[in-house]
Amino acid sequence: MLNLTEFYYLNSTTITFNLSDCKRDNFIGLFQTLKKNSKIIEVVATKNSMTLFLKEAIEHGEILDIINESINSIKKNDNKSKTIHLPICFDDSFQDDILKLYDGDLKLTRKFKETFLKNKFTLEYYGFLPGFGYFSGLESKLHLPRKKIPSSKIGKGTVAIGGEYVGIYPQDSPGGWNCIGNCPIPLVDFDSNLKININVFDQVIFEEIELENYKKIKLDYELDVYDFKIL
Amino acid sequence: MIEVISSGYFTTIQDSGRKTHRHLGVPISGPMDLNSFYLANLLLPGLDSDSVFECTLIGPKLKLNCNSRFVITGAKFDSYLDNEPVENNKVYSFRAGQILKVGRVKAGLRCYLKFEGTFKIPKILNSKSFFYPITKSISIKDGEKYEFISKTQDINSKIINLKISENAFSKKTLFARPGPDWGLITVEIKKQILSEIFFIKSQNRMGYRLSSELKNDFFNLSSKVVIPGIVQFTPGGEIIIATADCQVTGGYLQILILTDDSLSNLVQKPEGSEVKFRLFDN
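Chains as they are written, first to last, in our numbering: chain F, 2 to 232; chain C, 10 to 291.
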């Protein structure tokens, strides 16, 4: 069962609650079930908390009922998430803070990246910028603290490490994360029609590609002929 | 049609905001000063999708190529309809060919110019509010033409004029409720936060930064949802108050939440203004 604690009303229609000691499957199941509730506009889940944005203010008792009913109706299928392969390119033309970290030592840099490629990531939530995803699953020896002085420009598509998280910059932006490579596919496509390529709680494995293939994939994606590799 | 002769310092189009895509990291946007936005909508009632110009510091000069009405609320700008001075909170009628010039700000920072009708601009993710790069525009630009559908039935109908106290923005005190992390900071810091006077160091549509000498030791908090009005306390001792275009999540201590009135009051203050916090008991 879930241990619901510390309800906090940010305003009359925005409620954050912590979920301590909550099993992963239950957390995901609750998120998926709450999302379907007609009284809720949207649900934002972060690491240990969920925030409900309600259509209109309702009694606290009713909110508890909604959450409890949602817990009871969690279906096994609700937390079935996909594993998607995302291309990543380590070409010299992309920003590389790992190389800097190892003072230009190519061998150590390569080893870091090879270890990175073995990790399986989970998209935990979106934040910071539209379409900036926070991925968990980075093994602890690859954790890198955020830079004290942020870079003034991190390029669109940059895959970067911030503490225990991996993120992909959806647009050029100042940022304090450590750049490792570049992904030609956006997680969310806000152009023309909204297209969500990676959903919250989907799993991701990065697959190394060469620059030539990077350009091809980017073009394929723009022409809407790119096929995602989904397991 | 409304033609932008000059765009002013920073003028955006805002409706009530983008309330459906925060789960993808898209800010809510919408007007900074919701009270003034609501007032404009009260004086010229319209649909929720009707949008306003939010003008900052220096307003735009517009050629009005239709017959309709408008109202300006919020900060007091030096404004003219042709040569006639325009007062705030008063509904004016205009005819095609007239020029509306929203000049420099005299008191406050942001005003809301609402026309009686609808701008024919596309909704992106359920809102017309400018937010780059979700919308192509950051702000309106010189020479742009906005197609506008007037809903005015009778431009000679009775003119409404509402008198509102002029010093509404000059209040230094911001009222706030304890935020989710208020319990995590020491009594000493709480006392300082509630007694010191802070200066506004910088501001934009994302937030207001206040200078402070305070420090805290919470470097690695997990991220939580941030909404406009949340007062964040960074490890470096900075106080950042989230406003309309704020990030959807953030990892700073959330110490206070401003009341709606105080948030509307804050966003009318320019850099260098003084503010102080007081707990609001309801």
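Bear in mind the hints are in silico, worked out from the structure with no lab data behind them. All C-beta atoms, glycine included, are put in the ideal place defined by N, C-alpha and C. Check before you lean on any hint, since a few could be wrong.
[To be verified] Simulated crosslink set (DMTMM-like; lysine to aspartate or glutamate; CA at most 25 angstroms straight-line): (1) F:LYS40 to C:GLU222; (2) C:LYS150 to F:ASP192; (3) C:LYS145 to F:ASP225; (4) F:LYS149 to C:ASP59; (5) F:LYS114 to F:GLU125; (6) C:LYS150 to F:ASP173; (7) C:LYS132 to F:ASP173; (8) C:LYS145 to F:GLU57; (9) F:LYS112 to F:ASP98; (10) C:LYS28 to F:GLU57; (11) F:LYS48 to C:ASP190; (12) C:LYS132 to F:ASP192; (13) C:LYS28 to F:ASP221; (14) C:LYS28 to F:GLU60; (15) F:LYS56 to C:ASP59; (16) C:LYS145 to F:ASP192; (17) C:LYS145 to F:GLU125; (18) F:LYS108 to F:GLU125; (19) C:LYS132 to F:ASP203; (20) F:LYS149 to C:GLU247; (21) F:LYS48 to C:ASP226; (22) F:LYS121 to F:ASP92; (23) C:LYS129 to F:ASP192; (24) C:LYS28 to F:ASP190; (25) C:LYS145 to F:ASP93; (26) F:LYS149 to C:ASP269; (27) C:LYS28 to F:ASP97; (28) C:LYS154 to F:ASP192; (29) F:LYS149 to C:ASP190; (30) F:LYS56 to C:GLU222; (31) C:LYS132 to F:GLU223; (32) F:LYS148 to C:GLU222; (33) C:LYS28 to F:GLU43; (34) C:LYS200 to F:ASP98; (35) C:LYS199 to C:GLU96; (36) C:LYS28 to F:ASP203; (37) C:LYS28 to F:ASP98.
[Unchecked claim] If we take Cβ atoms under 10 angstroms as the criterion, some of the chain C residues that face chain F in the derived model are: (38) ARG31; (39) ILE67; (40) SER148.
We went through each hint and held it up to the structure:
1. F:LYS40 to C:GLU222: With a Cα-Cα distance of about 43 angstroms, the restraint between LYS40 (chain F) and GLU222 (chain C) is violated, given a limit of 25 angstroms.
2. C:LYS150 to F:ASP192: holds, 22 angstroms
3. C:LYS145 to F:ASP225: holds, 21 angstroms
4. F:LYS149 to C:ASP59: With a Cα-Cα distance of about 43 angstroms, the restraint between LYS149 (chain F) and ASP59 (chain C) is violated, given a limit of 25 angstroms.
5. F:LYS114 to F:GLU125: holds, 22 angstroms
6. C:LYS150 to F:ASP173: holds, 22 angstroms
7. C:LYS132 to F:ASP173: holds, 24 angstroms
8. C:LYS145 to F:GLU57: Roughly 31 angstroms between the alpha carbons, so the hint for LYS145 (chain C) and GLU57 (chain F) is violated.
9. F:LYS112 to F:ASP98: holds, 14 angstroms
10. C:LYS28 to F:GLU57: holds, 13 angstroms
11. F:LYS48 to C:ASP190: Roughly 16 angstroms between the alpha carbons, so the hint for LYS48 (chain F) and ASP190 (chain C) holds.
12. C:LYS132 to F:ASP192: holds, 13 angstroms
13. C:LYS28 to F:ASP221: Violated, because 32 angstroms separates the two Cα atoms, which is more than 25 angstroms.
14. C:LYS28 to F:GLU60: holds, 21 angstroms
15. F:LYS56 to C:ASP59: holds, 20 angstroms
16. C:LYS145 to F:ASP192: holds, 10 angstroms
17. C:LYS145 to F:GLU125: Violated, at about 28 angstroms.
18. F:LYS108 to F:GLU125: Given that 25 angstroms is the threshold and the Cα spacing comes to 31 angstroms, the pair is violated.
19. C:LYS132 to F:ASP203: violated, 29 angstroms
20. F:LYS149 to C:GLU247: holds, 15 angstroms
21. F:LYS48 to C:ASP226: Given that 25 angstroms is the threshold and the Cα spacing comes to 20 angstroms, the pair holds.
22. F:LYS121 to F:ASP92: holds, 22 angstroms
23. C:LYS129 to F:ASP192: Holds: LYS129 (chain C) and ASP192 (chain F) sit about 20 angstroms apart, inside 25 angstroms.
24. C:LYS28 to F:ASP190: It holds: about 18 angstroms lies between the C-alpha atoms, which stays within 25 angstroms.
25. C:LYS145 to F:ASP93: violated, 31 angstroms
26. F:LYS149 to C:ASP269: violated, 34 angstroms
27. C:LYS28 to F:ASP97: violated, 36 angstroms
28. C:LYS154 to F:ASP192: holds, 23 angstroms
29. F:LYS149 to C:ASP190: holds, 24 angstroms
30. F:LYS56 to C:GLU222: violated, 40 angstroms
31. C:LYS132 to F:GLU223: The given pair, whose Cα atoms are some 23 angstroms apart, holds under the 25 angstroms limit.
32. F:LYS148 to C:GLU222: Roughly 22 angstroms separates the two Cα atoms, so the pair holds.
33. C:LYS28 to F:GLU43: holds, 8 angstroms
34. C:LYS200 to F:ASP98: Distance ~42 angstroms between LYS200 (chain C) and ASP98 (chain F) Cα, so the pair is violated.
35. C:LYS199 to C:GLU96: Between LYS199 (chain C) and GLU96 (chain C) the Cα gap is close to 42 angstroms, so the pair fails against 25 angstroms, i.e. violated.
36. C:LYS28 to F:ASP203: holds, 24 angstroms
37. C:LYS28 to F:ASP98: Violated, because 36 angstroms separates the two Cα atoms, which is more than 25 angstroms.
38. ARG31: Check passed: Cβ of ARG31 (chain C) comes within 6 angstroms of chain F, closer than 10 angstroms.
39. ILE67: violated, 27 angstroms
40. SER148: Cβ of SER148 (chain C) sits 18 angstroms from chain F, so the hint is violated.
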